[in-house]
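With my numbering, the residue at position 124 of the sequence shown is 124, and numbering never jumps.
Derived by calculation from the structure, the hints in this document are not laboratory data. Predicted model only: the values in this text are computed from it and were never measured. Hints should not be assumed to be uniformly reliable.
The calculated BS3-like cross-link candidates involving lysine-lysine, where the alpha carbons are at most 25 Å apart (straight line), are [unchecked claim]:
#	residue 1	residue 2
1	Lys27	Lys62
2	Lys171	Lys27
3	Lys157	Lys70
4	Lys150	Lys171
5	Lys103	Lys27
6	Lys27	Lys70
7	Lys166	Lys144
8	Lys143	Lys62
9	Lys150	Lys166
10	Lys143	Lys171
11	Lys107	Lys62
12	Lys171	Lys70
13	Lys5	Lys27
14	Lys143	Lys70
15	Lys107	Lys27
16	Lys70	Lys107
17	Lys157	Lys62
18	Lys144	Lys70
19	Lys103	Lys62
20	Lys3	Lys27
21	Lys5	Lys144
22	Lys62	Lys150
23	Lys27	Lys150
24	Lys171	Lys144
25	Lys157	Lys171
26	Lys27	Lys166
27	Lys144	Lys157
Have a look at the derived ranges for each label pair, beta carbon to beta carbon [as the list claims (entries may be wrong)]:
#	residue 1	residue 2	range
28	Asn98	Arg35	29 to 37 Å
29	Phe17	Tyr109	47 to 55 Å
30	Asp128	Leu161	51 to 59 Å
31	Thr57	Leu10	54 to 62 Å
32	Leu10	Ser76	22 to 30 Å
33	Phe25	Thr51	20 to 28 Å
34	Ser160	Ala88	40 to 48 Å
35	Leu10	Glu115	28 to 36 Å
Ideal Cβ positions, reconstructed from N, Cα and C, are used throughout, including at glycine.
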Amino acid sequence: MRKRKLIIVLAFLSICFSVVIFLPFQKVFAFTETRVNDPVVHFIPLTPEDTFEIRYTHSIHKTDVLEHYKCVDGTSIQMLGMEYESLAIGMPSYAEENQTLTKRNGKYYLEFDNEFIENFTIYIGDLDLDLVLDYEDYEYDLKKDLQRGKSYLFEVKHLSLYEQWKGARMK
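Hey, can you work out the whole structure from these sequences and the hints?
Shown next as structure tokens:
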């Protein structure tokens, strides 16, 4: 009888340990390298703050572009807008359906109405130009934390403790 209770207690503890280790509970910004067999997930833990920005220097016209996003409904990403200085190659010069393009103080502002995505791929170019994720008043230098010349799937997801141990936390 005593041996049976010990086995039940050990089985219960094993199940609890597995749940704690393997249950995804930490919400993160995840950067998963694409085109590799065993990708490492680079991540930034999320807090209740739900807005973030990506700022980069455009590789052709060498001006800053600022993209505004918001995390909604668990893991969806809402595109809020963009601001940029030039309508040169690669930048929107008109608003499409459910978008508004305005010019104020020498900058163009493209605003999105109800534009939601699950993820996007970001390429880390090998040029010495800015590529920064701004979240919670801290700038994450993506060219420092991620490998240049590689592309990464960016998404909001939940990671388990095990996945966090296998991954790389960005600082």
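Violated hints - listed by number, lowest first | 1, 5, 13, 15, 17, 20, 21, 30, 32 and 35
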